[in-house]
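Residue numbers (our numbering), protein chains in the order written: chain A, 1 to 362; chain B, 1001 to 1170.
These aren't lab readings, by the way, just hints derived from the structure by calculation.
Glycine included, each C-beta is placed from N, C-alpha and C at the ideal position.
Sample of chain B residues with no beta-carbon within 10 angstroms of chain A, all distances over it, derived: (1) S1042; (2) K1092; (3) F1162; (4) V1168.
Simulated restraints on C-beta separations: (5) B:E1088 x A:E361: 33 to 43 angstroms; (6) A:K116 x B:N1066: 52 to 62 angstroms; (7) B:D1028 x A:E361: 13 to 23 angstroms; (8) B:D1028 x A:T30: 29 to 39 angstroms; (9) B:L1087 x A:S206: 47 to 57 angstroms; (10) A:E40 x B:K1050: 30 to 40 angstroms; (11) A:N292 x B:K1056: 31 to 41 angstroms; (12) B:K1056 x A:D187: 34 to 44 angstroms; (13) A:N150 x B:E1143: 14 to 24 angstroms; (14) B:L1063 x A:E31: 37 to 47 angstroms; (15) A:T107 x B:E1036: 48 to 58 angstroms.
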Amino acid sequence: MIISCSEIEIILNELLAQNNKEITLSPFFTEEKIFNYDLENKKLHLKTNQHSWRIFIDFLTSEYSLSKAAKKELPEFDDIKKAVVSAGLLMPEGIDVLINEINNYLTPIKRMNRRKRFLIALDTNQLIDNLMSSYVEKEFSTKEKQQVRNFISYIVSSWVLSERDGFMRNERNKGIVELNSKLQEWDFYLPEKIDRKARLGYSIYSELKSLEESYAQLESRKQSEEKYEIERNKNLKDQAIIEEYEDYIKSLKDVKFVYVTSDDKSYAIAKDHFESIKVKVENRILKELDCNFENGAKLLYQLSLFLGFLRINSYDIRFNIYYKGKEHDDWENKQLEFLCSDKEFEKRITKTISTIRKLNEC
Amino acid sequence: MSKNNLIYMIFCGTSPYPIINSLWASIDIKGIKPTEIVLLVSEKQRGLEKIKKCVKTLIENTLGNNCSVENLIISEWDIKKNIDQLLEFLNKMGEQKKELVVDITSGRKTMSISGVLFVNKAISRKMVTKENFQHIIYWHLIESDKYSSKWYPEIPRENFNFVDLMEVIK
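Input sequences plus hints: build the corresponding full structure.
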């Protein structure tokens, strides 16, 4: 069954209801464990680290006689960290500063100028790694702060989107072709690593767009010749992103504009032009993390994207990347394929999700 | 008494969520399989068509049986009038008394109180036995702001309590 990221929450609820108090998340069909997820107490226990992940990758490389190019396409430990951050479980340094800035600028709401807005401008890494929106959205999701949320907008430069599009690969490199063919017995498909980056960008972009009026995409005003030059040069692109945001600010009144980046170079240029925040992800993942089902669903989705598929030991559940085509639209709705070897449980989940979908149509 | 003869009476408010979620939990947790659903709605009821459609959708998809869905208009505040009306409804069943479940999760407080008092009166007047009235259900949602627009399987189990007042009365 093809399911959305949020429908993973239903599966987690059902697993707990069926008395599966703890589940294990594993990559591929191996003994390696990434996390144990205590569903009852909503705790996530990290079961791997940089070292053991490297051993695991070396094991796969030798077991399947993978070339260097194919090995390079395998997920890294850093991808697990990115998934944890993106799922809202490990707040990067700098996001606390951003949240404080928003609170200081927009509260108290009763005395506020109704035209006032807080604009958060993204760089490319923010769009791909989604280091920020989970934390901002969570902070302003409470009943008391929901009103403040209406005055926050995300802004994306056209150059950020063009950089993301530049990562897309429809031609397959030798490494990924080899990897997909040698791991064929696992019946999965993994896009190129750089391509996965672009696809992540698309899925996060669609999430931001779904926040309705709190999202804006800027249009490029550059001429085609100049555009061509910028697209081919990373430094020019960083500059172009900042220029585009600077032009945009000039047309605004009653707004506070903050640029959020995790890139040192980009931060160095931007801080002389407008208020900027440098976001930094911690080097380690805590051994134990609080993880409600909302965050858990996001984590499972992100891990599936990085790994090609993710396995849960209970009922032998498997989430596959849902990749029906090569167009970016295919990735916009955060979908996964859900499979389960326990046919009774699979039937129950399928029935429950279909019923909810039908109820939502009523 | 046959399990195939079960009337599920639901007091209704305007939102379909508590109505559906309570009914869904009754089916899932208590294994209740209604053959007839009576929606007890006030004269000022809004969104009845949507509620009816949702109830039918849930029944078709979970039980797949031929369960009828009817509605009965009651007062939003007049407890005495409601009790009398519901006793009359019960009386009309005559000899062919069925098993009954009363769900007081949704609707105004006065409507819910009517539900509990109605059951109590029917038992004390010996119109029905306690065995006829199987459950008085109240589905208690914790963090209602967060989950007010979520369906039962989307809500973590620790965020609701399934209360059966019949266990207190018995």
